Amino acid sequence: MADYRKLWESLGMDLEKHDQLCAVLPEFYGDIYLSQENRPAGMNYYNFVVSEIHGLRVQELAEHRKKGGKVFGSFCIFVPDELIVAADAIGVGLCGGSDFWIPDGEKVLPRNICPLIKASVGAKLSGTCPYFQSADILVGETTCDGKKKAWEILGEYTPVHVMDLPQMKREKDKVHWIDELKIFKDLVEKMTGNEITEEKLKEAIKLINEKRRVLQRLYNTRKNKTLPISGKDALLITQIAFYDDPKRFIEKTSELCEELEDRIEKGVSVFEPDTPRILVTGTPMAIPNWKLHHIIETSGGAVVCEETCTGIRYFENLVKEAENIDEQIKAIADRYLSINCACFTPNEGRIEDIIRLYKEYKADGVVYYSLPFCHTYAVEYKKVKEALDKEGIPVIMIESDYSLQDVGQIKTRLEAFFEMIKISK
Amino acid sequence: MGGQLNCYILFPSHTDGLALEKILKSEKIKYTIVPTPRELSKSCGITIMINPDYEEMVRKILNINPEIKVNGIYTIERKRRGWF
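Chains as they are written, first to last, in our numbering: chain A, 1 to 425; chain B, 1 to 84.
Source of the hints: derived by calculation from the structure; they are not laboratory data.
As the structure is a prediction and not an experimental result, all values here were calculated from the model.
Hints are not guaranteed to be accurate.
Straight line, CA to CA, 20 Å or less: simulated SDA-like cross-link-like pairs of lysine to any residue [what the hints assert, rightly or not]: (1) B/K30 / A/K182; (2) B/K22 / A/E259; (3) A/K182 / A/E327; (4) B/K28 / A/G42; (5) A/K17 / B/S43; (6) B/K30 / A/E327; (7) A/K202 / A/G30; (8) B/K79 / A/E37; (9) B/K30 / A/K383; (10) A/K411 / B/W83; (11) A/K383 / A/G42; (12) A/K17 / B/S41; (13) A/K330 / A/Y314; (14) B/K25 / A/K17.
Derived, one-sided and incomplete: chain A residues facing chain B with beta-carbon distance under 8 Å [stated by the list, open to error]: (15) L7; (16) L11; (17) L25; (18) P26; (19) Y29; (20) V50; (21) S51; (22) H294.
If the Cβ cut is set under 8 Å, some of the chain A residues that face chain B in the computed set are [to be verified]: (23) A23; (24) F48; (25) V108; (26) L337.
From the three backbone atoms N, C-alpha and C, an ideal C-beta is built for every residue, glycine too.
Generate the whole structure from the sequences, applying the supplied hints.
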């Protein structure tokens, strides 16, 4: 095995603590992912990425930095990859999906804040996330109050830039967001020393659109009656999209899509024909938060789509290719402001998306997932439920953190939900 | 007890693993890339898991491809903790 200890040491990581984290991965991943029957052979690439999760990619980031390149760490799909890539920098999603980091997060944060924030801050403070350690700057946003204040604390440990995301979608909010994108562009140029030219931005827009297209192609295979891939695997692929090299990711995911399309043609499914098809909607699931998908898919359901930030919100809609910098930035602003995050008010678009996706993916029910203390998503449930009731779409709300204590309860509720769906089908 | 036995091939670096993967793919030998089981090594990284029935075949491949370095080949029971 490659010895990455020197690399981790050079990043100022706590090797002993990090080793405790690494010790868990083989069995945890094995139990959840490798126990699946009839997985597509193309999943070997993602097995590889997970196995090397703190290795190969971190080494690539180190090599990039050695050559003078910069790494931008982020937490949210509103941070525009296009501007980072156009300056020959690398953008990576940061850690925040494990219980492992919660105690360190709670040292500086109140307990009643969402696990994603506590785990992210804990990952930085504990020195056990090589992505945090590789980031020259963290790019935050104002999507929720918890994160907004957490940046101030994280800023004591590492450089942070916060993008002020408007909370409404009026014309003046778009003007404000365009301004924020320009401020970010200036920051990226200053940090990297590279000018973001029209040509460079054009290339970057094309590349990131390409990544979105391949994810759309992957998700399209899940619309089929024959499900060629589990929801768990699809979630993993989307999670990996946040930090893998975009070109390699596009190539490998295209290969997988070919295999999945071939499976559809041959009628090869990973689920029994009458398995209830579930649309998951709600808060994001950072690696290794595979809990809900695993419970659903071991309780008689199949996840066919995620209306989440680690799902279609990340890659639906492309940036329109435009000709000059101003038009390009406007096109980026248009695309990002079309995301229907619950931080916006009003947010009717999300309800329309859920109903549209339910139909497109031929779902039989909706699981509304929320991390504890995520007020925007928890509050928005009422409106979503009312709309789904009107459409006659079954929905269940599951609020859960990363701990495994409530697995039994969730399983019981979901089994009953799937049973009800089956009976009324 | 009596769990499934699997054969694990460990490598000094992921490039060796990927080199063997390429051959296994072309020879149509079924394999899975997995995180290295903790009981075999403390180092994080990839391992190739195969059905023990293919072990001899893989050993032959490695013999005729000495440029692919391996740290060892082990057959053990796949541990399952039952997290959920």
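Now for the hints, and whether the structure bears them out:
{"no.": "1", "hint": "B/K30 / A/K182", "in the structure": "violated, 51 Å"}
{"no.": "2", "hint": "B/K22 / A/E259", "in the structure": "holds, 17 Å"}
{"no.": "3", "hint": "A/K182 / A/E327", "in the structure": "holds, 12 Å"}
{"no.": "4", "hint": "B/K28 / A/G42", "in the structure": "holds, 14 Å"}
{"no.": "5", "hint": "A/K17 / B/S43", "in the structure": "holds, 14 Å"}
{"no.": "6", "hint": "B/K30 / A/E327", "in the structure": "violated, 50 Å"}
{"no.": "7", "hint": "A/K202 / A/G30", "in the structure": "violated, 41 Å"}
{"no.": "8", "hint": "B/K79 / A/E37", "in the structure": "holds, 17 Å"}
{"no.": "9", "hint": "B/K30 / A/K383", "in the structure": "violated, 49 Å"}
{"no.": "10", "hint": "A/K411 / B/W83", "in the structure": "holds, 14 Å"}
{"no.": "11", "hint": "A/K383 / A/G42", "in the structure": "violated, 39 Å"}
{"no.": "12", "hint": "A/K17 / B/S41", "in the structure": "holds, 17 Å"}
{"no.": "13", "hint": "A/K330 / A/Y314", "in the structure": "holds, 19 Å"}
{"no.": "14", "hint": "B/K25 / A/K17", "in the structure": "violated, 37 Å"}
{"no.": "15", "hint": "L7", "in the structure": "violated, 11 Å"}
{"no.": "16", "hint": "L11", "in the structure": "violated, 14 Å"}
{"no.": "17", "hint": "L25", "in the structure": "holds, 5 Å"}
{"no.": "18", "hint": "P26", "in the structure": "holds, 4 Å"}
{"no.": "19", "hint": "Y29", "in the structure": "holds, 6 Å"}
{"no.": "20", "hint": "V50", "in the structure": "holds, 7 Å"}
{"no.": "21", "hint": "S51", "in the structure": "holds, 4 Å"}
{"no.": "22", "hint": "H294", "in the structure": "holds, 6 Å"}
{"no.": "23", "hint": "A23", "in the structure": "holds, 6 Å"}
{"no.": "24", "hint": "F48", "in the structure": "holds, 5 Å"}
{"no.": "25", "hint": "V108", "in the structure": "violated, 28 Å"}
{"no.": "26", "hint": "L337", "in the structure": "violated, 38 Å"}
The structure is inconsistent with the numbered hints 1, 6, 7, 9, 11, 14, 15, 16, 25 and 26, although it conforms to all the rest.
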